[in-house]
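Enquirer: With the first letter of the sequence shown counted as 1, position 135 gets the number 135 in our numbering; the numbers rise by one all the way through.
It is worth saying that the hints were derived from the structure and are not from the lab.
Incorrect hints may have been included.
[To be verified] No more than 27 Å apart at the CA atoms, straight line, and that leaves these computed lysine-lysine pairs for BS3-like: (1) K142 with K181; (2) K182 with K195; (3) K176 with K161; (4) K161 with K2; (5) K123 with K2; (6) K161 with K123; (7) K2 with K142.
[As the list claims (entries may be wrong)] Each pair of labels, with its calculated beta carbon distance range: (8) K119 with G151: 13 to 21 Å; (9) Y200 with S59: 45 to 53 Å; (10) L7 with K119: 50 to 58 Å; (11) K176 with D73: 37 to 45 Å; (12) N188 with S50: 45 to 53 Å; (13) H12 with T187: 36 to 44 Å; (14) D169 with L201: 44 to 52 Å; (15) A198 with F147: 46 to 54 Å; (16) K2 with K207: 47 to 55 Å; (17) S50 with E184: 40 to 48 Å; (18) I174 with S208: 47 to 55 Å.
Here the structure is a predicted model, which means the values were calculated and not measured.
Note that the Cβ used here is the ideal one computed from N, Cα and C, for glycine as well.
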Amino acid sequence: MKVMSKLLNHLHLDPKYCVLNVQSAQVVYELFKLIDFRGTGALDDIQFTSFLQSVTNLSQSHIEKIFYIFDLDRSGSVEFDEFYLLVCILVAVNNNEEKQFMYRHWNTCFELLDEDGSKSVSKNEFETLGVLFNFGSRAVNKIFNEFDVSGTREMNYNEFKLFMFAAMDTEIEIEKQNERKKKERTTNDTTAQLKYIADYLNKKRAKSKKKKTIQPI
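Could you build all of it, start to finish, from the sequences and the hints given here?
Expert: Below is the structure:
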């Protein structure tokens, strides 16, 4: 997910608690009231979708899944406290503070994903959160296979905490690998270009020397 809103560039999380500071929270409250133009104190799926489409590049299907997990009381709407949590996540992603946020609020994230109240989170449920925090499916699959000892394809409360940090570390490692490959390709391209230039200059020098050795008749 990419955050594309200039407004969110001006919002910041408290560095200690990873929640919006007082000024940012007030801005979010005013924003919520603007979106809630009917004054119901909650956002329906249309208002919620319009907001996320305006501030992110999320697809319609992803937005629908996110609406479902943030509608904690299954009222068919998202109230301010739920909207506040969503904006906190968006700001964390925008400021590259996803890991700090999840470290502070991993229990809240677990409760968000535990849709059926089973005290466990499935791989599919976790992938919904992965969309928000930019966990690639490759990282999720790799770590889930390592942690799913029982083969149930679900994580309990403690396993989720370990899994979450492992997923983040794996995602970082994948990004580093991709960056190394990119640098290697750049280095190889540069080496090939330098070799081409060197060969060209050597040929030019060889031709120049050959001309000098030819004596006039």
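Enquirer: Determine which of the earlier numbered hints do not hold for this structure and return their numbers in increasing order.
Expert: Failing hint: just 10.
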